[in-house]
Amino acid sequence: SVPPGVPPLCHQPLAWGRAARQPPGLLLAPRRPFSNNKILVELDESLGVATMKFKSPPVNSLSLDFLTEFCISLEKLENNRACRGVIFTSAVPRIFSSGLDITEMCGKSTEHYAEFWKAVQEMWLRLYGSNMVTVAAVNGSSPAGGCLMALSCDYRIMVENPKFSIGLNEAQLGIVAPFWFKDTFVNVVGHRVAERSLQLGSLHPAPEAHKFGLVDELVPEEELREKAAAVMAQWLALPDHARQLTKNMMRKKVLDRLVAHREEDIQNFVTFISKESIQKSLRIYMEMLKKKKS
Amino acid sequence: SVPPGVPPLCHQPLAWGRAARQPPGLLLAPRRPFSNNKILVELDESLGVATMKFKSPPVNSLSLDFLTEFCISLEKLENNRACRGVIFTSAVPRIFSSGLDITEMCGKSTEHYAEFWKAVQEMWLRLYGSNMVTVAAVNGSSPAGGCLMALSCDYRIMVENPKFSIGLNEAQLGIVAPFWFKDTFVNVVGHRVAERSLQLGSLHPAPEAHKFGLVDELVPEEELREKAAAVMAQWLALPDHARQLTKNMMRKKVLDRLVAHREEDIQNFVTFISKESIQKSLRIYMEMLKKKKS
Amino acid sequence: SVPPGVPPLCHQPLAWGRAARQPPGLLLAPRRPFSNNKILVELDESLGVATMKFKSPPVNSLSLDFLTEFCISLEKLENNRACRGVIFTSAVPRIFSSGLDITEMCGKSTEHYAEFWKAVQEMWLRLYGSNMVTVAAVNGSSPAGGCLMALSCDYRIMVENPKFSIGLNEAQLGIVAPFWFKDTFVNVVGHRVAERSLQLGSLHPAPEAHKFGLVDELVPEEELREKAAAVMAQWLALPDHARQLTKNMMRKKVLDRLVAHREEDIQNFVTFISKESIQKSLRIYMEMLKKKKS
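So the protein lines, in turn, are chains A, B and C.
First residue of the first sequence? That's 1 in the numbering used here, and the numbers climb one at a time after it.
First residue of the second sequence? That's 1001 in the numbering used here, and the numbers climb one at a time after it.
First residue of the third sequence? That's 2001 in the numbering used here, and the numbers climb one at a time after it.
Source of the hints: derived by calculation from the structure; they are not laboratory data.
Quick reminder that beta carbons are idealized off the backbone N, C-alpha and C, glycines included.
Hints are not guaranteed to be accurate.
As the list claims (entries may be wrong) - Restricting the straight-line Cα-Cα distance to at most 20 Å, the calculated cross-link-like pairs of lysine to aspartate or glutamate (EDC-like) are:
1) C:K2253 with B:D1256
2) B:K1055 with B:E1042
3) C:K2252 with B:E1264
4) B:K1252 with A:E264
5) C:K2280 with A:D240
6) B:K1211 with C:E2208
7) A:K252 with C:E2264
8) B:K1252 with A:E221
9) B:K1211 with A:E226
10) A:K252 with C:D2044
11) B:K1163 with B:D1256
12) C:K2076 with C:E2111
13) C:K2055 with C:E2276
14) B:K1280 with C:D2265
15) C:K2108 with C:D2265
16) C:K2211 with A:D216
17) A:K252 with A:D183
18) B:K1108 with B:D1256
19) A:K211 with C:E2208
20) A:K76 with A:D65
What the hints assert, rightly or not - Covered by chain B, per the in silico footprint, the following chain A stretches (three or more residues, Cβ under 8 Å):
21) 167 to 175
22) 188 to 197
Model the full assembly from the supplied sequences, consistent with the hints where possible.
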């Protein structure tokens, strides 16, 4: 059950716009027990800055448990007046997050698929719409859903290692990035880069990702923490209220689009992922991953 | 009459979205005889790649005949399961395509103008909405409608010769690029570059066009064919279904806008082009071209 | 009262689109006396080019008087067939314009705030929607509303002095740039640059502003006038009608958005600016400016 002290997820952050009028049934309800141990949260109250470290080995995949913990942790910080900004980084070497957990999308019930997808939506709505300053300190590869998390922050710093890559590579797996992944991507890199990168399912090595603006800055790994803190300080120097209203003005249109089509988007996902051809693709992909490991 | 084996143009490619619900009267009907000799189509069934070579000297202008042949050829490939991608290039030296044929817009009946414009729309709807991978191998200058064809492909490779130029130069002729030319342009180069380039009616030398993304890559002329084949192979490595759905997601909004305003757009064109002032501009322009030649 | 010869502001330029159907009460009426001495207008009838020089020391702030004079001057040129283009520059050293006059937003009546905001809207609607070629010759710093004026022109040339900066820095003052400032900014620099710059309230030194396209060109101060004239000549080489229709096609959507929400936007501004917390921020800011001076 929910750990004591975790507020119910019924308070909508201001930046969500119309989300506040959504029936509560659409919100992520922590219906299932989960272990509160996939994300380390540290809050420096003197600075007003929290760090969320993903520590779900081997690859920080976005399972239902991970997403639920992520949303609850973010919500707690959002409601904590002592916290004005969050830095997201990984405690697992060489990987930021591998994206959506394929085992949640393979061989499960349609109810499970729907619950999982609602959690993915919830993660994005909360992160892209957060009133806090959000900085991604990308210290490893970040494909698909991992890339979406980075794209949803206010600023992206990546370790300059060309072995680390980032991108929305869904097409490589035979699946399609949802429209709100696409909207978030277009808002960062523009229509043309997004069109090409999404169709090719490209994973861009850090230097290439920096070149066309997918990440804002590259640093040596040993300077990542310090750089993230410096960027956060720069953003926190602005008055919160003006910064939040400005952020909301920039992101509201894209957030509203998902809020308006949320149930439809869940149905689309469930129908698509339940197809035998897609299930087969995913099984083949998982086999490939297993062989790679052994 | 229509050559045997050419299917009627009633099958809408998936990517058109709402086009499928359009009354058939809006589609290009091959009402008139045409000679099937302005475009060379070669299909390599082992690769699944066709090449369409424009050979309508002197400048591959987009006449009604050319456009009709283009649409029928593309439709045949679209319906041919052995074909997954098309490379567009020119068999005429130094010119890719000079754009819309001005003789079709000058001194003709309003019925003719309407039929011509419908064919221009049809070309764009089929090309921009194609489910196949489309690569423009731009081996010469490509103004106006020629530029639109290149912009409508998935990828543009241009010969690096600075004497070859590309752009939507309609304003130079005293006419205005239609909104869907503009939408296609904005999707490639962004709002600001499009705003400036369209107002100035700029023709950009290949190196400049490459600099701001109007073309994706420059190559020496002797490497064009090989590079186009390599790019095509890269795009065909992706699963068709995922790539097609992704392409449709990126282009649907702009395709739907023309489909929703198609008749209105024809009427606008006919009214505009029938104006005596515009007819006069075009006559002066044609005189200039004739003098240049002699 | 209005100087003789100034036409009433009831004629809407073509590029406004739906503005023409607005009730006349929404238009800026020159209800109050103003001195016609904040802007020097020189028209070279042989070239068809006017220069508007801002000379309202110390910092060319956009007071109600300044804005009223600006709109009337621009309207006169718009209706003068001998004028096809306008160059905007400053007669005050080191500053193009400091933006909205804070004294108009502090300690005044709600009626005054509404009148002032209507004048700001009017300035932008007329400038962004102008049928003339508009070139900003930015010979000094240009924050906030000053930046908006530059962004609303067709082309921006800035003196290459890195001490001169430009940007929409509203967030620094604890206020939020209105949606149409944002729309204009996004149309020039794209969504990502705008999102970051607006949230940080960044003032970009000229070289940085040039790097990401906020200004089109940098020149040494002594070449500014000549360069502006050359750019103007390039744009005037195009047929007016085609250029105007193209400009309108690019800007109509964003202009229409304000026209459709004009009264609402005024109410939002009045409510926001009347808040005690905002008034306090502005008073502190003004105190700071006064101390800086002495």
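Quick one, are K211 (chain A) and E2208 (chain C) close enough, alpha carbons at most 20 Å?
Status holds; Cα separation ~16 Å.
Verify this for me: three or more residues of the segment 167 to 175 of chain A with a beta carbon less than 8 Å from a beta carbon of chain B.
holds (count 6)
CA of K1211 (chain B) to CA of E2208 (chain C), is that 20 Å or under?
holds, 19 Å
Would the hint linking K1211 (chain B) and E226 (chain A) be met if the CA-CA limit is 20 Å?
violated, 35 Å
Starting from K2252 (chain C), check that the Cα of E1264 (chain B) is at most 20 Å away, please.
Judged against 20 Å, a Cα distance of about 18 Å means the pair holds.
For K2280 (chain C) and D240 (chain A), compute the direct alpha-carbon distance and say whether it is at most 20 Å.
holds, 16 Å
For a C-alpha distance cap of 20 Å, please report whether K252 (chain A) and D183 (chain A) respect it.
holds, 12 Å
Straight-line alpha-carbon gap K1055 (chain B) to E1042 (chain B), limit 20 Å
Answer holds: K1055 (chain B) to E1042 (chain B) is near 13 Å, not above 20 Å.
Can the restraint linking K1163 (chain B) and D1256 (chain B) be considered satisfied, given a maximum Cα separation of 20 Å?
This hinted pair is violated, its Cα atoms lying about 36 Å apart.
Coverage criterion applied to the segment 188 to 197 of chain A (partner chain B; beta-carbon cut 8 Å; 3 residues):
holds (count 6)
Given the proposed pairing of K2253 (chain C) with D1256 (chain B), does the C-alpha separation stay at or below 20 Å?
Holds - the C-alpha atoms of D1256 (chain B) and K2253 (chain C) are around 17 Å apart, at most 20 Å.
What's the verdict on K1252 (chain B) and E221 (chain A), does the C-alpha distance respect the 20 Å limit or exceed it?
Answer violated: K1252 (chain B) to E221 (chain A) is near 41 Å, above 20 Å.
Consistency with the previously given hints fails for numbers 8, 9, 10, 11, 12, 13, 14 and 18, ordered from lowest to highest.
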